[in-house]
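The lines below spell out each chain.
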Amino acid sequence: MRNQILLSRRDLLKSGGALIVGFTLGLPSRTPAQQAPAPAVSGGRGNAAPPPPEVDSFIVIKADGSVTLLTSHVDIGTGIAAAYCQIAAEELGIPIERFTITEGDTAITPDHGGTGGSSGIPRGGADIRFAAATARQALLELGAKQLNRPASELTITGGEVRPANGGQGVSVASLIGGKRFSMKVSASAPLKTPSTYTVVGKPVLRTEVPGKCTGKHVYLQDFTLPGMLHARVIRPPSFGAKLLSVDDSSIRAIPDVRVVRIESFLGIVAKDEWAAIRAAREIKTTWSESQGLPGSDGFERVMRTAPAQPDLQVVNRGDAAAALPSGAKQLSATYYWPFQSHASLGPSCSVVDYKESGITTIWSSTQGAFGQRATLSRVFGIPQAKLRVIYMDGSGSYGTNGANDADADALLLSRAVGAPVRVQWTRQDELAWDPKGPAQLLDMRGGVDANGNIVAWDVHMWLPSGPGGDRALLGPDSAGMAQNHGQGAGLMTLNADPPYTAPNVRVIAHNLKDTPLRLSNLRAPGKIANVFAAEGFADEMAAAAGMDAVAFRRRGLTDPRAIAVLDRAAQMIGWQTRSAPNPRAAQGNALIGRGIAYMRYKQNENYVACAMEVAVDRRTGRIAVRRVTCAHDCGLIINPDGLRNQVEGNIMQTLSRTLHEEVKFDRSKVTTVDWDSYPLLRFPEAPAIEVALIDHPDQPPYGAGEAAAAPVPAALANAIFDATGVRLRTVPFRPEELRTALSKA
Amino acid sequence: MATYKFRVNGNPATVDSWDPEQPLLYVLRNSLGLHGAKFGCGLGQCGACTVLVDGKAVRSCLTPVKQVAGRAVTTLEGLGTPEKPDVVQAAFIAEQASQCGYCTNGMIMTAKALLAQTPHPTLEQVKTGMAGNLCRCGTHTRILNAVMRVAKA
Ligand code: FES
Ligand code: FES
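Protein chains in written order, with this note's numbering: chain Y, 4 to 748; chain R, 67 to 219.
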């Protein structure tokens with residue numbers, strides 16, 4: 004169950020729980036033989052080895068036997084909360100119904116990293132598991148004293164410590180309820196063997212879903228405080244424009260509004276939300292002009308020539324350049340991925356209660372409460388101890404959307420007016436101003452021999468980029484506050500090398516010195532574009548070698564887990580073997596084809612293969628995805644239903660990104676600012692999706708928030724090629740491009 | 067400040083609004099504390115704010131409060147509770163047809179109106195009927211399964 008009540012320190016203490024504040028985690032690594040990922044040093048921001056965390060910082064067992072888990076990872080619709088409860092319930096032997104979870108509160112949860120990079124299960128989950136396993140040992144010891152039996156003869160089931168071979172037990176609540184464990188998490192606490200699992204691996208219903216379906220789940224957007232004022236921020240009409248003048252008299256007719264101006268930061272604060280909205284729409288302002296952007300049309304050409312940081316050699320194996328001419332077939336192709344928006348369905352929101360002396364509280368849907376507290380502290384010059392960031396569910400974010408910026412807006416405004424302020428971004432704010440998933444350009448060159456062996460693979464990729472460090476927050480930028488302007492977008496360069504046997508591979512990344520739009524991580528950052536290029540290009544090689552797409556891939560794979568997902572996805576789609584585009588495709592005007600793509604996420608995590616069947620209307624170029632199959636192996640599965648939901652979501656969302664999405668901008672601003680100009684996939688386009696989950700209880704679990712996204716664009720492009728003989732290498736796939744190509748054919 | 071009277075979830079409601087053009091969405095959320103309907107775009111483009119007015123699905127972000135005077139408004143809260151969900155809500159819960167759930171209100175309310183009109187729609191009819199509702203999480207498969215679960219019952 005998810006906590007909908009905002010806990011205070013006192014609430015937890017009242018129930019005897021413990022509060023360990025503001026430390027970083029780190030445990031000695033476990034040996035591989037123990038077959039569990041070591042708890043991560045994920046929250047650590049310093050260099051010194053941090054002390055091991057306290058069990059009490061993760062787990063609170065109350066007098067009534069209920070359990071609260073505490074974590075800095077957040078759910079935001081991913082289902083991670085349910086999975087954590089399963090993991091802890093399994094190790095502790097306490098029924099899952101007794102669990103609640105509190106996420107991302109800098110005053111009461113441990114800092115073991117934020118949500119991102121599919122780290123929630125492998126890292127965050129491992130931390131929870133070790134804390135629970137340590138607690139289990141402590142409970143067995145306590146039970147041993149109580150029952151006068153050696154701990155080795157005891158077990159915990161149903162929330163009771165009892166002899167393994169039967170007999171009277173004692174409840175966990177009576178042993179520890181309302182008290183602290185007062186011990187460090189032990190990296191050597193014995194873990195349950197996966198073969199004995201009864202909770203992990205079983206589908207668990209997410210307990211917040213009934214609330215979400217009945218209006219009871221309190222989203223950040225729904226959160227109110229007594230005396231809270233509503234606010235809107237008026238962003239500049241062009242990037243970097245300066246506010247020249249504000250005509251307050253233009254909104255005089257609207258009741259109870261205040262205009263807050265801090266240099267070029269302009270906000271409206273009002274008692275009534277509708278008054279704030281109308282005032283923000285109607286206020287007359289003048290701004291300086293700014294024309295600093297290159298424009299999105301032709302941005303791929305800009306990227307090739309823009310100043311770049313020193314080349315980054317991502318992969319260099321054998322001698323790709325020298326081996327190129329030795330391929331019987333030499334190929335080259337250019338792939339392009341555009342800037343995309345997180346495009347959260349609910350625009351970002353934040354509620355801040357600023358206290359001049361005392362603790363300022365920020366209710367936020369940030370994916371990393373502790374990181375956000377640190378950033379706000381630096382930017383606003385408020386000590387971290389005087390800031391409390393409390394996560395609440397917002398609309399799905401899939402990376403860093405506008406949430407962190409909205410916090411800064413609300414903090415600026417709450418400080419200015421001396422009252423709690425709720426900032427709600429508009430639709431236009433979110434699509435124009437959320438930091439974007441970067442554009443990406445890939446030049447692929449390769450050689451393949453007559454037997455379908457990849458003899459050379461050479462990639463140059465170009466990426467908008469910038470300095471490291473914190474991302475600049477919009478409000479403080481407008482307000483003229485000094486801050487970092489970091490442009491991290493998250494492991495952008497992985498997965499451009501083929502997952503197949505290839506002796507000569509080189510991948511070079513050209514990170515540009517600058518970016519026209521602010522960047523951030525957006526689901527499967529970089530990997531999504533790289534796999535699009537790599538798996539599209541592998542398909543081109545298969546065709547050049549005159550081989551069937553599955554046969555070509557299979558021949559380059561040795562890992563049985565890789566082969567298993569490839570075969571499974573192919574089998575589910577009813578793969579028809581052929582070495583050239585579908586010869587007798589037409590059903591009326593529909594050209595029918597099938598395609599496949601495979602990848603191993605980050606080259607060392609999930610194995611995923613995705614296959615599709617598409618129909619292309621030969622007159623219009625319209626693409627209809629009819630069926631998608633996906634075989635997914637992320638090692639040990641925690642919650643199969645939650646996992647399936649993530650995989651389905653990854654596939655559907657990526658179809659949307661591939662078919663429709665491109666952030667466009669002119670010389671001064673983003674121009675795709677509503678759902679007409681930045682369209683998403685709609686129900687009539689939604690294909691049937693079949694997912695096969697391949698469980699490996701003996702293997703470590705990987706996160707599944709991103710991996711299944713990565714093979715989708717290539718599988719679609721490959722299916723379109725099979726249907727039409729036309730290869731699409733630029734996202735989004737435009738019907739016009741297909742239509743033109745088909746009319747020439 | 068004008069006063070508007072209408073029914074909300076079966077009960078009479080009286081609200082004041084300084085602006086007759088104020089959209090129903092803000093009246094529901096701020097004056098009546100009903101947060102089921104969500105702000106997604108304010109442009110009539112996403113469906114997150116859908117409520118029923120006299121049984122028809124409308125976009126509350128574009129419906130001025132003056133237009134609902136004397137009418138009957140039903141919100142997500144008016145259908146059922148976690149303990150006693152209505153049949154569409156129960157189907158969404160059973161199918162776990164929600165990720166972030168920000169679109170869920172609109173999906174359920176639109177499906178409700180659709181099913182009232184066409185109790186046993188085909189899958190294609192459901193897809194067409196829900197075409198105006200966006201989901202960013204890609205929960206489409208489950209949402210369709212949930213609506214079809216009711217359609218086939
Ligand atoms: S909020 Fe009303 S349609 Fe989007
Ligand atoms: S479940 Fe997140 S938008 Fe639909």
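Worth double-checking, as some hints may not be accurate.
With a cut-off of at most 20 angstroms between alpha-carbon atoms, the simulated EDC-like pairs for lysine to aspartate or glutamate come out as follows [claimed, not checked]:
1. R:Lys-193 - Y:Asp-679
2. Y:Lys-274 - Y:Glu-292
3. Y:Lys-245 - Y:Asp-669
4. Y:Lys-672 - Y:Asp-517
5. Y:Lys-182 - Y:Glu-359
6. Y:Lys-205 - Y:Glu-100
7. Y:Lys-219 - R:Asp-82
8. Y:Lys-287 - Y:Asp-250
9. Y:Lys-332 - Y:Asp-322
10. Y:Lys-274 - R:Glu-143
11. Y:Lys-187 - Y:Asp-250
12. Y:Lys-672 - Y:Glu-292
13. Y:Lys-195 - Y:Glu-693
14. Y:Lys-287 - Y:Asp-300
15. Y:Lys-219 - R:Glu-143
16. Y:Lys-605 - Y:Asp-620
17. Y:Lys-219 - R:Glu-190
18. R:Lys-193 - Y:Asp-251
19. R:Lys-122 - R:Glu-149
20. R:Lys-150 - R:Glu-190
21. Y:Lys-667 - Y:Asp-300
22. Y:Lys-274 - R:Asp-85
23. Y:Lys-274 - R:Glu-87
24. Y:Lys-245 - Y:Glu-285
25. Y:Lys-332 - Y:Asp-452
26. R:Lys-71 - R:Asp-85
27. R:Lys-193 - Y:Glu-266
Here's a subset of chain Y near chain R, in silico, CB distances under 7 angstroms, partners left out [claimed, not checked]:
28. Glu-292
29. Gly-295
30. Ala-377
Hints are computed from structural coordinates only; laboratory data are not their basis.
By construction, the Cβ of each residue, glycine as well, lies at the ideal position given by its N, Cα and C atoms.
How the hints compare with the structure:
Straight-line distance between C-alpha atoms of Lys-193 (chain R) and Asp-679 (chain Y) comes to about 19 angstroms, which keeps the hinted pair within the 20 angstroms bound. Our distance criterion of 20 angstroms between C-alpha atoms is broken by Lys-274 (chain Y) and Glu-292 (chain Y), whose separation comes to about 33 angstroms. For the suggested pair Lys-245 (chain Y) and Asp-669 (chain Y), the alpha carbons sit about 18 angstroms apart, so the restraint of at most 20 angstroms is met. The suggested pairing of Lys-672 (chain Y) with Asp-517 (chain Y) holds, with an alpha-carbon distance near 16 angstroms, which does not exceed 20 angstroms.
Our distance criterion of 20 angstroms between C-alpha atoms is broken by Lys-182 (chain Y) and Glu-359 (chain Y), whose separation comes to about 35 angstroms. The suggested pairing of Lys-205 (chain Y) with Glu-100 (chain Y) holds, with an alpha-carbon distance near 14 angstroms, which does not exceed 20 angstroms. Of the supplied pair hints, the one linking Lys-219 (chain Y) and Asp-82 (chain R) is violated, its CA atoms being roughly 25 angstroms apart against a limit of 20 angstroms. The hinted pair formed by Lys-287 (chain Y) and Asp-250 (chain Y) meets the criterion: a straight-line CA distance of about 5 angstroms does not exceed 20 angstroms.
In summary, the hint linking Lys-332 (chain Y) to Asp-322 (chain Y) is supported, as the alpha carbons are separated by about 17 angstroms, within the 20 angstroms threshold. With a CA separation close to 25 angstroms, the supplied pair Lys-274 (chain Y) and Glu-143 (chain R) exceeds the 20 angstroms bound. For a cut-off of 20 angstroms, the pair hint linking Lys-187 (chain Y) to Asp-250 (chain Y) is broken: about 60 angstroms separates their Cα positions. Between Lys-672 (chain Y) and Glu-292 (chain Y) the CA atoms are separated by roughly 11 angstroms; this keeps the pair inside 20 angstroms, and the hint holds.
Taking the CA atoms of Lys-195 (chain Y) and Glu-693 (chain Y), the gap is about 32 angstroms. The hint is violated against a cut of 20 angstroms. Taken as a hint, the Lys-287 (chain Y) and Asp-300 (chain Y) pair is broken in the structure, with Cα atoms around 31 angstroms apart against an allowance of 20 angstroms. A distance of roughly 8 angstroms separates the Cα atoms of Lys-219 (chain Y) and Glu-143 (chain R); the hinted pair therefore holds under the 20 angstroms criterion. Taking the CA atoms of Lys-605 (chain Y) and Asp-620 (chain Y), the gap is about 35 angstroms. The hint is violated against a cut of 20 angstroms.
With a C-alpha separation of about 31 angstroms, the suggested pairing of Lys-219 (chain Y) with Glu-190 (chain R) is violated against the 20 angstroms cut-off. Proximity of Lys-193 (chain R) to Asp-251 (chain Y) is assessed by CA-CA distance (about 47 angstroms); at most 20 angstroms being required, the pair is judged violated. Distance restraint check for Lys-122 (chain R) and Glu-149 (chain R): the Cα-Cα separation of roughly 26 angstroms exceeds the 20 angstroms cut-off, and the hinted pair is therefore not satisfied. Restraint check for Lys-150 (chain R) and Glu-190 (chain R): the C-alpha separation of about 30 angstroms exceeds 20 angstroms, so the hint is violated.
Restraint check for Lys-667 (chain Y) and Asp-300 (chain Y): the C-alpha separation of about 8 angstroms stays at or below 20 angstroms, so the hint holds. Of the supplied pair hints, the one linking Lys-274 (chain Y) and Asp-85 (chain R) holds, its CA atoms being roughly 14 angstroms apart against a limit of 20 angstroms. For the given pair, Lys-274 (chain Y) sits about 17 angstroms from Glu-87 (chain R) by alpha-carbon distance, which is consistent with the 20 angstroms threshold. With a CA separation close to 19 angstroms, the supplied pair Lys-245 (chain Y) and Glu-285 (chain Y) stays within the 20 angstroms bound.
Proposed proximity of Lys-332 (chain Y) and Asp-452 (chain Y) is supported: the alpha carbons are some 6 angstroms apart, at most 20 angstroms. For the hint pairing Lys-71 (chain R) with Asp-85 (chain R), the CA-to-CA distance comes to about 15 angstroms; that is within 20 angstroms, so the pair holds. At most 20 angstroms may separate the alpha-carbon atoms for a hinted pair to count; Lys-193 (chain R) and Glu-266 (chain Y) exceed this at roughly 49 angstroms. Hint on Glu-292 (chain Y) is violated. Least Cβ distance to chain R is approximately 27 angstroms, over the 7 angstroms limit.
The beta carbon of Gly-295 (chain Y) comes no nearer than 28 angstroms to any beta carbon in chain R, farther than 7 angstroms, and the hint placing it at the interface is violated. With 7 angstroms as the threshold, the beta carbon of Ala-377 (chain Y) stays out of range of chain R, its nearest partner Cβ sitting at about 25 angstroms, so the hint is violated.
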